[in-house]
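Trainee: If you want the building blocks of each chain, they are given just below.
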Amino acid sequence: MIKQFFVILILSIVGYFLVDAFFKVPFGEKRNNVGNYYIEKSPVDLKVSNAVTAIVVNYRGFDTLGEVTVLFLAATGLGSIMYRRKQKGEKEARAKNPSSRIIQIGSQILFPMIILLGGYVFIHGHLSPGGGFQGGAIIATASLLMLISYRKFKINHNTITWIESIAGVVFASLGFVGLVLGRTFLENFLPSGELNDLLSGGIIGIIYIAVGFKVASELTGVIDTVLLNNRPEAQKEN
Amino acid sequence: MVISPVHYIALPLMAAFLIPLFGKLNKDLARIIPGLVLLYLSYISVVLMNQIISSNTIIVEIIAGWRPPWGINLVFSPFTGFLASMFSMLGFVIWMYTYNFKPEVDNAQKQKFYVLFMMLITGATGIVLTGDIFNLFVFLEITAISAYSLTAFYRERDGAEAAFKYLLIGSFSSTLILLAILLLYTQVGTLNMAEIALKMPAVDPYMKGVILILFFVGFGIEAEMFPLNGWSPDVYTQAPGPIGAIFAGMVVKAGIYGLIRVVFTLFDVKEILPLLVIIGMITMAVAEVIALRQGKLKRMLAYSSIGQMGLVVVAFGIGTHESVFAAIFLMFNHAIIKGMLFLSGTYLVYNSTEKTLDDVDGIGKYLPFTSFLFALGSLAIVGMPPFAGFWSKLYLLMAAADVRLMAVIAIILVVSVIEIVYYFRVIHRIYFRERTSTIELKIPSFNAKSAMLILAIIIVAVGVYPDLISGLIERATTDLLDKQSYIQSVLSVGLK
Amino acid sequence: MGIFLVYFGYFFVTIGAIFLFLGALGIYRMPDLYTRLQAGTKASTLGAMSLILGVAFLEPDWWIKLIIMILFIAFSNPLSSHAIARGSYKHNLKPFSKEQIDAYEEVEESKEEQE
Amino acid sequence: MIWLVIPVIVLVIMTIGAAVYAVVSKNLLYAVVSTGVVSLGLSLMFFILQAPDVALTEAAIGVALTTIIFIITIRNTTIKECCDENKSKIGIKKGETK
Amino acid sequence: MLFEDYFNLVIMAIISLAFLLGMVRFFKGPTASDRVVALDTISTLAIAAMVYMAHIFGRFIYIDVSLVYAVLGFIGVLAFARYLEGGI
Amino acid sequence: MNEFLTISFYGTAIVLMLIGLYAALAKKNLLKIVIGLSIIDSGLHLLFVAIGFISNGTAPIFSPEVLESAQQMVDPVPQALVLTAIVIGFATTAVALALVIRLYKHHNTAAIDEIKNLKW
Amino acid sequence: MKNKAQKWGRFLYTWLILMIVWYSYTVSLASAELITGIIVTGLIAALNFTSFTHYGFSLFHPRRILYILQFSFVFLVALVKSNIQVAKIVINPKLPVNPGIVKFKTTLKSDFAKMVLANTITLTPGTLTVDLIGDEFYIHWLNMTSHDEAAIYEDIAADFEKVLIKIFDK
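Chains as they are written, first to last, in the numbering used here: chain A, 2 to 239; chain B, 351 to 846; chain C, 108 to 222; chain D, 1376 to 1473; chain E, -16 to 71; chain F, 72 to 191; chain G, 303 to 472.
Bear in mind the hints are in silico, worked out from the structure with no lab data behind them. Quick reminder that beta carbons are idealized off the backbone N, C-alpha and C, glycines included. Be aware that one or more of the hints could be misleading.
Think about it this way: if two alpha-carbon atoms lie no more than 30 Å apart in a straight line, the pair counts; the simulated DSSO-like pairs of lysine-lysine are [to be verified]:
(1) A:4 to F:98
(2) G:468 to G:411
(3) G:407 to C:201
(4) B:646 to F:99
(5) G:390 to C:201
(6) D:1401 to A:4
(7) D:1401 to F:99
(8) B:460 to A:155
(9) C:201 to E:11
(10) G:405 to C:197
(11) C:201 to G:396
(12) A:97 to C:197
(13) C:197 to E:11
(14) B:374 to A:87
(15) D:1401 to F:98
(16) A:97 to G:407
(17) C:197 to A:153
To spell it out: a stretch of chain F is covered by chain A in this simulated footprint if at least three of its residues, at any positions, have a beta carbon under 8 Å from a beta carbon of chain A; those stretches are [what the hints assert, rightly or not]:
(18) 74 to 81
(19) 93 to 107
(20) 113 to 122
(21) 153 to 163
(22) 167 to 179
Model the full assembly from the supplied sequences, consistent with the hints where possible.
Mentor: What follows is the structure in C-alpha cells.
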C-alpha cells in the first residue's frame, strides 16, 4: 500500500506541475519563432510545398539521419536480443497454420496496391503529407500482410540487408557529396525546380526515397525477426 | 575533402550501414572497420584540436547550409573537442581490447555487437558535439538504444533484466527531456542552444524553474545522480566487460555534459549550483558506502563509478574556475582509470558466473600482468601520488579550500578513505591470499594486453607530468565558462 | 448542373452518416458476435462508401481519389469481417445456442491443409 | 468551427477511456486492442489539429506495426496480466485463454 | 451561420454518436472478438470522419491520411483475427 | 471555443501522460509497463502538436488551393519534431518488447515481482 | 510459346491496372508524375504479376466488361437491399434474428472468382462468409428461411454466381 501512496503522490505532483506549466502556454496563438521562417522560406528557397518535409529533410536533416540510425539500431538490437542458434533440420515458419483462401487471394490483390501506396507516399513526400518514413512503414505493413496470411511467404534477409545498407549509404553519401563540393554536409546541391512539381526540392526527393527503402527493409526485418522467434514450444532454454 | 567535425558522426554512421554488407564478404571485416573508423577519428581529433588550440578559435560546422538559428550545427570548441577526442581515442583502445574478446560468440552476433558498439560511441560523441537541443535528444536516444541492446547481449546472464530496468528509467529520462525541450521551444521559439542562451534572460522565472528541473532530472538519470541511479550497477554488471568501460568512460560523461551544458550555458543560473554540490555529495557518500559492502567485483566498480561521478558534480557545482578545471580533469581521469579497471577486472573474473570477490583470491600469481594493472588502476583511482588520480583530487581540494567549503573537503577525504579501504581489500585479496576457486582462468589476448597497457601508460604519464594534459583542460575550462564567446561564435557563423 | 451536384452530395452524405450510425447501433444492440459483425460490416461499409461518394459530389475535383478509396473499402472491409468471423470461430466462440443449425461444426475438427 | 465541439468531446472520451481501459484490463489482449483505439483517437486528434503528416505517421505505425509486435509478444508470453490464477478475482472466460 | 455549417454540425454529431456507440460496445463487449469488431467499425468511422473533415477544411491532400487508414486498418484487424484463430 | 479546445487537447495530453505514468509505476506486468510507456509517448506527441496549433490555421503544406494563406499556417516545427519522436518511440517499444520476450523465456513469468535476480 | 505470350499479357495487365491506381493516387497528368509512375508500377508489376493476376488481358474483352457492369449493378442493388434489411432489424426493438451457419457448394472454379463471391456474399443481405474450404462455402445467415442446401444456394448465391461464372470461368 505504501507503494500505491507514493505512486499517487508522484502522479499528483507531476500532474500539478504539468497542468500549471502548460496551461500558461496560450493555445492556438501564433508565436514568434523559427517556424515562421520555415513557412516563409521553404516554398521560396527550396521550392518544397510541405514545410514539415522541408524541416525534416533539409533544415533539420541531421535529425532524420539520426532517426534512421535509431531505427537501424533498433533492428540490429532486436536481432541481437532475440538471436538464437538455428537447430539442425529446423523448418522456418512464421505463421502456425494457414489462413483462409479468401484472405490469401485478397492479400495477393492488395499487396501490390499497398506497396504502390507506400511508394506514392514517399515519392510525394515533399508535396503531400507523408514521406520516407511513413511510406516505408506502409511497405513494411504490406509485407506483414503477406507474412501473416501465407505460411510460406519467405523474406530474404540477404536482400533486406543489401537494400538497407545501400539506402543508408546513399543517404550518408548524399551528405558527403555536399561536403566534397565545398559546401556543408547534407546541403542541397541540385536545382530546386518549381513549386508543386514532382521534381522539386533538390535532394529531398532522393533522400526520401532512400529513407523509404531503408525504413521499409528495417521494419520488415524487425517484424520477420519477431515472427521467426514465434515458437513457444521450441523456446525453452536457460 | 576538408576535415570537419561532421566526420565524427557521419563516418561511423556510414560504416555502421556498411558493416552488414562487408560482413557478408569477409567475417573479419566487420570487426576491423570500427577500428579503422575510430583510428581515423582519433587522427582527426588530433588535427582539429591542434587547429583550434593554435588559432584560438571555435570550429562551428553548419549542416545542410543553414545558419545556426535555423539549421543544426556542430560546435567543436576546446571543451567539446576535448571530450570528443577523448571518446574516440578511448573508443579505439577499447576496440583493440574487444578484438579477440569472446571468440566463441557467433559471427552474426559479433557483427551486431560491433555495430552497436560503434554507435554507442558515436551517440556519446554526438551528444557532446551538437549545438542543437533536439539533436542532442536524438543522439541521446541513439546512445540509449544501443546501450539497451548491448546490456542484454549475453544470453546466459540476467542482462535482459538489467536492460529492461535501464530502458524503463531511460524512457522516463527521455520523456522528461522532450517535455523540457517542448516548454523551452514555447518560451524562446528556437532550438539552437546559443540562441536559447541568448534569449534566456527574458523568460518567465517560473517557467525557467520548471524547465530546469525537467532537464535536471532527465540528464541526472543519464549521469547517475543520486536517487536516479538504480539502473547503473546492474547494467555495469550484466553488460559485456568492455561495454562497462564505455559506460563509465563515455555514456555517463555525455550525461554529465548535458547537465552542465544546460546549467552553465543555457540557463546560467547561479542558484542551482549549491544544489549540484549537495546532490553530488549525497551521491558520492551513499555510493561509496554501498560500494564498501559489495561482494561482487563489477558491482563494486559500478558503485565506485557512481561515487566518482558525484565527485565530478560536486566539482562542477562549486562553480569557480579552479573547481571546473578540477572537474574536467576528474572526468578525464575517471574515464581512463575506470576504463582500465573495467578492462582488467573483466579478465580477473572472466569465466566466473557470479563474479564475486572470492574469485579474485590469489589471482596475482596466475594473471600477473592483469592483476598488476588492476592494482595500478586501484591506486590511481583512490588518488595515490604518482598517478593521474592524485592531481585531480588535489586540484579539487584546493578549489574547495579556496571558497572555504570545509564540509565538502571533509566529505571528500572521508570518502577517499572508504575508497582506499575497499580497493585495498581487493588488492589484498589478489596478492596475499591463496587461490581457492577452481574456475578456469582466461589469459588476456595480446590486443587486450596492449589496450590495457596503453591506458596504464597514460595514467602513469599524466601522473608524472600533469602538464601533458592540463594545458588542454585549462583551455576547456575557459571555454566552458565563457558563455558569451560561445553564443557569439555560434551565431556569427556564416554571416558575411 | 452544379447545384444539382451539391444536392446529390448532401443527399449521399446524409444517407452515409445515417448508415454509419445504424451500423454502430447494430454493433451496440445485436445479441452475439456474428450478428454484430453482420450489422457492423454491412451498414458501416455502405455508410462510409456513401458518405465518401457524397463528398465526391461536393468536391468535384477530388473524385478520382475518393473512388479509389471507395473501392478499397469495398474490397477490404468484407475481408476483415470474414477474418474476424473465422478467427472467432476457431477461437472456440460458438455463435449461438444448441438448437440452431451450425454446419461449420463438422469441419472444425478435420484440419484442412491448403496452400 | 462550432462543429468541432461534439467530435472533440467524443474523441477525448474515447481516447482517455481506451487508455484507462488499456491500463486496468486484466486481459492483455484487450489492452492491446485498446492501444489500437488510443492510436486511432490520437490520429484523429492530429488530423483536427491540422497535422496530417503526424496523423499519417501515427496511422502507419500505430495501426498495424505496433499492434503486431504487441500481439506476437503476447503470443510468446502470456495473455493474463496476473500470474496467479487463484488470486485474480476477475477470471477469464472459457474460450478466451489460449 | 449558413446552411452548410448546420449541415456539418449535424453530420459530425451523428458520426460522433456512432463513435460513442462503438466505444460502448468496445468497453462492454464480453469477448476479445467483440472488441476487435468494435475496433473495425471505429476505424471505418474514422475513415469517413477524416474524409468529411477534409471536405470541411477544404484541403485535398488530407485525403491521403484517410487513404492510408483505409488500407492499414484492415491489416491491423487482420492481425488480431489471425491471432484469435491461432494463426500467428 | 478556444478555451474549450485548450482544455480538451492539453487536458487529454496530460491525462494520457499521467495514465501512462501510473501504468509504468504501479503495474506489475512487464507488458503493461511497456503499454504505459507507449501511452506516455502518445500523450507527449499530442502535447507537441497541440502546442504548434493556430486557431483557424491550416496544415503547413502549400497546395494550389492555399498558396496565398501562408500567414494562417500552423507551426511546422513541433510536427517535424514529433515525427522523429514517434519513430524513436516505436524503436524503443520494439526493443522493450524483445526484452519482455527474453525475460519471459528466462523466468517463465511476466510479473515483475518474480523477476528478481537483480535487486530492483 | 503460348505460355510466354500469356505471361507477357499478365504482366502488361498488372502494369496497366497499377498505372490506373497510380493515376488515381496522384490525380495528375504531369509528365514527371507519369514517367515516375510507369517506372514504379513497372517494377512492382514485374515483381508481383504472377500472384496478382490470373487472367491477363482477356478480362478486357468487351463482353466481359458488359458482364462486369451487370455484376456491379446486381451487387449495388443487393448491397442497398441488404443495408435496408439490416437497418430494419437494428431499429426494430425486438431484434428479429434467427441466425445459423449453413453451407453450400459453389460451381465456380477459379480462386479469384470465389473470393469475389465471398466478398459479395459478405456485403449482401444478412449473410457473412465464415469460411471457404475447397468448393464449400460456410455462411452465417442472419435470418434462416430454409435448411435445404439447394434452396440456400438459390437464396444466397445464385444471382451473383450466374454473372460471375460468365466473367471468370469462360
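Trainee: Kindly indicate which numbered hints from before are broken by the structure, ordering the numbers from low to high.
Mentor: none
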